[in-house]
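All chains, please: the whole structure from these sequences, using the hints.
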Amino acid sequence: MAEQVATSNGSPNGSGEMKSKKANASTQSEMRDLRYRDAIREAIDEEMDRDDAVFVMGEEVGHYQGAYKVTQGLLDKYSDKRVIDTPIAEAGFAGVGIGAAMTGLRPIIEFMTWNFSFVAFDQIVQNAAKIYQMSGGKVKVPIVFRGPNGAARQVSSQHSHAVEAFYSNVPGLHVIAPSTPRDAKGLLKAAIRDDNPVIFLEGETIYGVKGEVPDASEDEVIEIGKGRVAREGTDVTLIAWGRPYYTALQAAEKLAEDSISVEVVDPRTLRPLDHELIKESVRKTNRAVIVHEHWHYGGPGAQIADLIQREAFDYLDAPVLRVCNLDVPMPYALNLEEQVLPTVERVIAAINKVLYRD
Amino acid sequence: MPVEQKATGQASKEELLGHYEQMYRIRRFEEEAARAYAQGKIGGFLHLYIGQEAIAVGASAVLRKEDYVFQTYRDHGTAISRGMSTKAAMAELFGKATGCANGLGGSMHFFDLENNFLGGYGIVGGHVALAAGAAFKSKYRDEDVVTICFIGEGATNIGGFHEACSLAGLWKLPLIVVVENNQYAMGTPMSRTSPVEDITKKAQGYGMAGERFDGHDVSVVKAGIGEAVERARKGEGPTLIEVLTYRFRGHSMSDPGKYRSREELEERKKRDPVALTRQRLLDQGASEDELADIEDSIEEEIAEAVKFADESEPAKMDVVLDSVLAGARAPATDWDEEGAHG
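Here the protein sequences come in this chain order: A and Y. So the first sequence is numbered by the working numbering: it starts at 512 and just counts up by one. So the second sequence is numbered by the working numbering: it starts at 18 and just counts up by one.
Simulated from the structure, these hints should not be mistaken for laboratory data. Note that beta-carbon positions come from the ideal geometry of N, C-alpha and C, so glycine has one too. Some hints here could point you the wrong way.
[What the hints assert, rightly or not] Covered by chain Y, per the in silico footprint, the following chain A stretches (three or more residues, Cβ under 8 Å):
1. 600-612
2. 649-660
3. 668-676
4. 685-691
5. 816-826
[To be verified] Derived, one-sided and incomplete: chain A residues facing chain Y with beta-carbon distance under 10 Å:
6. E570
7. E571
8. D596
9. N638
10. R664
11. Q665
12. G719
13. D838
14. Q850
15. V851
Shown next as structure tokens:
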């Protein structure tokens, strides 16, 4: 059973203060600097305020103020009727959430980490994802499962999973993995309002990342299934989300010194995937590298590579490469963990390879 | 909340000296681990057993070497009480090749096959069925071996616990499930996690015997668990034991423990199992010198363990690659690099 790892250790650049690039198209609205975790809290808070069908349920979400402090203050504001501490019983409270969603509520189910969702896998895959179709399109399941995803730092093999591949495989689920505070907020609001079950993957090591978020009065809701170009470039398309998104930006920055122009694409939603955006980018750059945490076999990178070879085959000047975790369970020792996770160096090596610079 | 003691369990001075030595070893090991964590030599999660030592030591005192033990992620004390060297334990925390899991498991995943300590597990409740499996094997092979599975009280609400206990009761497995009730599932008190205060009430539904006693007195623990072990050895089936205890530190190093009062903690520390055992030894005629000798030698042992861990080689990627599958080596690269396969 885990709880927060010091973000000063776990953040992508080791400072916990990394600012995201001003990647969103600038608007005339008021912008504020918010941490990723605070942006998520705002989304929950605003949606709870807007709709009394929305409630939060999970381990340590109330009195403890959230294992990662995402739900801090919500118990005081909404009482234990709507911010509900549970025993350690993921299958149970995931199922309770699904039942409540079937009957008209809009639950936000927090997993302390996605590593603990596997005991509730049956509920998510067999019930949440199936009931709408199984009922002939009669029973909707408007539920959000959310929590931190991916390796933190040295939490070893049972606590280091990035679960995109598992859940993206399942029709009937949306899978969202925001990289920036703004996207986290806007997409979570969309997820809560959506009538389908949503898997919402937060970056365990990027809770402390700061970035611009529109003023609360904007009520910005970001469409599920739409990615964005985080950095424009012409030589290669680099696709990444979550923590590796920051690894990708660092690699792009570094390669710019070598006059290599990297376009960083953040899909934001993994299911449904923004085919159009990825296709357009690769048709422009003629090369693609995908970076993600966790294993390559059947991973989201394989799906994206498949999309690219179908939609941009004639445009490709090099095979599509993927940079993923090494194909092993996560070891505890730091020197080994650092080798297993995708690094800036490995991303640069892959880009050099598709540019035939190696 | 002291409960009526079924077992009084008087230990001889010699026995008690042995228990004290082991408890003191665990205590000092973890205090030094906490220090090393603060120095950045240990990473990830570190869940300390401080305050609960009498349980591991009392249980180990009634087990034979061939008996199996499973524990949660709060596993240092149990592993050491089963005979793991403090060097192998500390080196694991330091992420070194000489650690009990070659530096691959870390604090939460100690393993010691030589002493049939079959692991510390990070997913709550998931290991109860594994322990039932080990007990199943003993029955299948008609071996005179029992299995103890330690869990926290928070784990008694998860499906894994329920299913494993159902099977153990159904098949009369030689299993003892010991719930170390330290009152808090991370930051949540039992009143908000369990519909019943007395966890052993669940035993009846599983066809298990139930026992409940305080965990600060090593002799009481030993006697209580001893009865259950005897039942299991005689083929009379599994027991669900609830031991009432308290952890003096946070859930892990990053837990400030705001959910309980300083007064509560101080009150509990008055029943520190290590201090209590020491006092009992003095009452039974042990001399200060005798105890100081034990303590000094452990001081030395722990200092050596830290030095050993410090000076050991870092964990090795070769071991990672060779331990994904038995008999096959994993590729040293990801999918796209030369030599990789799917």
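We went through each hint and held it up to the structure:
Three residues within the 8 Å Cβ limit are the bar, and the region 600-612 of chain A against chain Y gives 4, so the coverage statement holds. Coverage of a stretch by a chain is defined here by at least three residues with a beta carbon nearer than 8 Å to that chain's beta carbons; for the region 649-660 of chain A and chain Y the count is 0, and the condition is violated. Counting residues of the region 668-676 of chain A whose CB falls under 8 Å from any CB of chain Y gives 3; the rule of at least 3 is met. Under the rule that three or more residues need a Cβ within less than 8 Å of chain Y, the assignment of the region 685-691 of chain A is violated, with 0 such residues.
Look at the region 816-826 of chain A against chain Y: 0 of its residues bring a Cβ nearer than 8 Å to a Cβ of that chain, fewer than three, so the hint is violated. A cut of 10 Å between beta carbons decides the hint on A:E570: the least distance to chain Y is about 7 Å, and the hint holds. At about 6 Å, the closest approach between the beta carbon of A:E571 and any beta carbon in chain Y falls short of 10 Å, and the interface hint on this residue holds. About 6 Å separates the beta-carbon of A:D596 from the nearest beta-carbon of chain Y, less than 10 Å, and the hint is met.
Taking 10 Å as the C-beta cut-off, the interface hint given for A:N638 is violated, the closest approach to chain Y being about 15 Å. Interface restraint check for A:R664: the shortest CB-CB distance to chain Y comes to about 6 Å, inside 10 Å, so the restraint holds. Satisfaction of the interface hint for A:Q665 is found here, the shortest Cβ-Cβ separation to chain Y being roughly 3 Å, below the 10 Å cut-off. Nearest Cβ of chain Y to the Cβ of A:G719: about 14 Å, over the 10 Å cut. The hint is violated.
Annotation: A:D838 was flagged as interfacial toward chain Y, and the flag holds, the nearest CB pair being 5 Å apart, inside 10 Å. For A:Q850, the shortest C-beta to C-beta distance to chain Y is roughly 6 Å, which falls under 10 Å, so the interface hint holds. The interface hint given for A:V851 holds, since its Cβ lies 8 Å from the closest Cβ of chain Y, which is under the 10 Å cut-off.
When each numbered hint is compared with the structure, violations occur for hints 2, 4, 5, 9, 12.
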